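A.B. asks: Chains A and B supply the protein sequences, listed in that same order. Here the first sequence stands for residues 1 to 161, numbered as in this note's numbering. Here the second sequence stands for residues 1 to 502, numbered as in this note's numbering.
Some clues are possibly wrong.
To be verified - Chain B side only, calculated, beta carbon under 10 Å to chain A, not exhaustive:
1) V23
2) I165
3) K166
4) F173
5) F176
6) I185
7) R190
8) P391
9) A395
Think of the hints as simulated: they come from the structure by calculation, not from any bench. Predicted model only: the values in this text are computed from it and were never measured. Ideal Cβ positions, reconstructed from N, Cα and C, are used throughout, including at glycine.
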Amino acid sequence: MNHESNAPSSPRSRRLDPDLIAGIVIVLAAGALLLRTAGMPAMTALLPVSMLSVLVLLGVFLIARCVIRLKRQGDAYAPTQVFDNARRFLGIAASIALYVAGVALLGFYTTTAVMIPAVAWCFGYRSLKGLLLADLIFTGGIAIIFVLLMGQELPTELFLR
Amino acid sequence: MYGNLIDALPAVLSLGNILAVVVGVIAGICVGALPGLSATMAISVLIPFTFGMDPLVALGMMAGIYNGAMYGGSIPAVLLRIPGTPAAVATSFDGYPMAQQGRGGYALQVAVVSSALGGIASALVLMLLAPPLAKVTLLFGPTEIFWVAVFGMSAIVFLLGGDIIKGLISAAFGVFVSLIGVDTITGYERYTFGHLELLDGINIVVLLVGLYALPPAIGLLEEVRDFDTKNTGRLNTTSIWKAIPGMLKYWKTWLRSSVIGVFVGILPGAGGSMAAFLSYNEARRASKNPDDWGKGEPEGVAASETSNNADTAAALIPALTLGIPGTAVAAVMLGGLLIHGLQPGPMLFRDNPEIVFGFMWQFLFAAILLIFLGGALATNSFAQVLRLPRPLLGAIIIALVFIGVYSINNRMFDVYLMLGFGLIGYFMDKLKFPLPPVVLGLILGGFAEQNLRLALRIGGGDWSILASSPTAKVLIAMVLLVIVSPLVSRRLRARKASKVAG
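Isolated chain B, as found in the complex:
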């Protein structure tokens, strides 16, 4: 089972693939360091440019960006108290007070070492858990695959938190978009409105770029905000290798936060921010001096940064094995796999082991590279990214987005479509409609429909076939659990709150 893992290593160690990871990590740190930009946005912009690349090179860049951005988010969180990514909010609690005390450089070193360790733990868990899970899911038939898709969509809508009605609307919209184009079984054109460009359906990259890359670019131009960058000047840091021995006392926090991050990462719907908050709270509870937390305690930075990076590769476990991305970044990465002709799910492990296992190695290398690329000199350089003028960045991202989408098929139609999705994404974001269910709906909608129809054909049109096998029954129970549990816990919380108030 793990033989393929070793076989994939030589290809990953080629110069081109290593360079891709290095470039990805550096780009990811820069993007993460810029408030308003995220790994999801960076990967969305990158995906169209990777069409002509070898799949491993493209995936290596994505792995690098994901890991780099999760650390990069800590730079403005520490120096400006503005988290570069949502997952870095908890990092600012102690990181910013440290910067005010003149220990910003040390805070960033703790952040980079903790991020690397969290990422390494996450990649190892991905390597250990994904292959056996994929083997189990290979036994699934169309009925089970249909329920897995329903489970994935329910999980992201109901476990994501927030407004369930809006989550469901987002998911239904995503599924609807997946239905556009020719029905492959009957040949009937659905919602193409006479446009030949829509016969093959909507390219996932067009949707991803529109939803995830255009709104942040608009945001950069929209906000009139000047950052106070006085803390970003030369940071007083010693060599990271001299600083590491002094950090070894945080080993318990690293271990605890890695476990929390990995666990949260595997759960569909949860993400890096939840992992960081949970981990920060647990570390504070376990601390001997909880009163110092929030005033510049390096262990707080370690807790939050370890877990938000431990979430990264773990989030890909359900994505790679079942085709269910648990987070927005994982969904975007699935989009990246799809455009290279790689269908996420158990077949990926059987048909393209060198790529899927190579991807896992790249996650591990990206995490290790963080320590090398986040040294004193680099930390100082990355901090300067914050000085980049936001209007200029916004204009450049719009041009990049245009190039990326146009190059998919060399046609303006895709650009117009992307602009439409960008506008929808902008308003959805402002009205707090979650975006990940749209992407998941698009990925899983067609997949679910195909398997539902296949199952019904096998069952001669009898709908009871959908609950005929024990596995299907278990999956139905899981779907019900995912739907009911947040509603029950919300009701219990409300009752508890009214009791306290009463």
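Chain A on its own, in the form it takes in the complex:
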């Protein structure tokens, strides 16, 4: 469980206000992208410069608002909670990354056939019969539609390359 989210009024959680972090990220990213407009022709740079300047300005507003709120409300200030369960989110992010990497390395059908039951199992669905049936229907259905009906290629299996 996310420790910070359970203790919104602790000094540590106040420092980690997600809006404040978002504001800083926006200012830094927009500022860095703004530097790249230097070499652009004037009309090409018109909208990028306007939009990125606006983003920097709004990011500063966002930061200033967080700081003012924090000062005004003190310990009563409760920042937005980002994660209901940070560990679970990290698990999902890792699963998606593994799936995409698996598809690129092993091929679509092999990875999907393994990933669907594995992910569903890890995140709480424990019926073996249901998992196998769903896997067969989904992966088989996609193969029928994409290979037989549409002739559309998905990343090729390692053993077929």
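Since the structure of chain A is already known, use the hints to place chain B on it.
C.D. replies: Structure of chain B alone, referenced to chain A:
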């Protein structure tokens, strides 16, 4: 003006197009019935799969999904008090008490009939209003089109409610994304970072799927939630055709809620939830027995469901005629039009009348189909969707999202890009940054830039050309009104509240 409407009918009545609407409605009801999934998400997932389809078949599916999902949201709202879509919140106020009293089946029948009537009213208004409005907007030059785009973005940021700073950040981010790629006038590469895949800019589908389809899939895996599905067992319902005569007493509510839904739908930035709440409140105020509301009054279900479906096609009036989507679903639908090479706006009515008018017919048919597909047997079946295991659904949606995005250009780069947008969308959603302005920024950003530069060329670089025509002045006034009015009303509300407190 309306001749094209009749001409478009035969194509819509072909077997393939009708089947597309039927499949769309069924899929939409299932998606709407699943809390956490929405029409926006379903259409985002569907769009890449429609590449090879005939545009009308693809649009028919989208129209079906939109209408079906708006009704589908009422199923968990009635049976579990968990709205399947945000627009179904007001449906749960009376629908759930009805289910507890053993009248859940009847509540769903009232919901389906009301949804169908709201959808029919909305489609008819779309058919009546869009063609003349498109004719007027055909007279617009680059200056006016630039201001229309600015108006669209301002409207969605300022009228959407919520945090204006975050809304503006979302819109600016969307416009920035639209600038990525080669500048078509000077040939200069903007923010491609040496990637050839970015030369043509970012495909709207990649952004839509990332923002709208991936976060709900993560949500399904993230939440440890088991629904109490005891109410979803066999519902005691009679045939819907036998139940309809008993519902005719709600005709005033149907009429009032349709008008509210259509009006709210046309307003950019407002959506089905606002329509449902307004309509529920008005119906309750007009009721002879307002004290019974919230305790299982079927008229409450009728009011909310009529207006959240009356919002659907009406939301497409500004989207199709001006290219300004007023809601997230309308924005996603515009994305669907774009990938079929159809540029939303007045030219669409001139260049592709058979498609745009056919799309309107499909909205009407989808609304009518709701009654046929929402009968007793179907209502019982759709209620079973709630028993589907959420982790399995989450895993399947991730795979579908992958397939959809990969198939656009058969390359992994788009998948990585989509994952990036998905992550951004997830955090934006959690931090309450609105997502519709991002999509609108992407759609209108390039459009606005192109027309601004064209206007400046026509004016020989003189910026005053932007306020030279009377139409441009009216549009500037509208932009200012949209920006100022929420700020003024917020200040007035705050003053009123402080007076009450004092």
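A.B. asks: Report holds or violated for the interface hint on I185 of chain B, using the least CB-CB distance to chain A and a cut-off of 10 Å.
C.D. replies: holds, 7 Å
A.B. asks: Using the nearest Cβ pair, does R190 of chain B come within less than 10 Å of chain A?
C.D. replies: At about 6 Å, which falls below the 10 Å cut-off, the nearest Cβ of chain A leaves the hint on R190 of chain B intact, so it holds.
A.B. asks: Given a cut of 10 Å on the nearest C-beta pair, is the interface hint for F173 of chain B held or broken against chain A?
C.D. replies: It holds, given that the least Cβ distance between F173 of chain B and chain A is near 7 Å, below 10 Å.
A.B. asks: Please verify that hint: K166 of chain B, Cβ, nearest Cβ of chain A, below 10 Å or not.
C.D. replies: It holds, given that the least Cβ distance between K166 of chain B and chain A is near 8 Å, below 10 Å.
A.B. asks: Does the CB of P391 of chain B sit less than 10 Å away from some CB of chain A?
C.D. replies: Constraint on P391 of chain B satisfied, holds at 4 Å.
A.B. asks: Let me know if the C-beta of I165 of chain B comes in closer than 10 Å to any C-beta of chain A, holds or violated.
C.D. replies: holds, 5 Å
A.B. asks: Holds or violated: the hint that A395 of chain B contacts chain A, with Cβ atoms closer than 10 Å.
C.D. replies: The hint holds - A395 of chain B has a Cβ within 10 Å of chain A, the shortest such distance being about 4 Å.
A.B. asks: Report holds or violated for the interface hint on V23 of chain B, using the least CB-CB distance to chain A and a cut-off of 10 Å.
C.D. replies: This hint is violated: V23 of chain B lies away from chain A, its Cβ roughly 13 Å from the closest one there, beyond 10 Å.
A.B. asks: Does F176 of chain B pass the interface check with chain A, least Cβ-Cβ distance below 10 Å?
C.D. replies: This interface hint holds because 5 Å falls under the 10 Å limit.
The structure fails to meet hint 1 from the earlier list, while all remaining hints are met.
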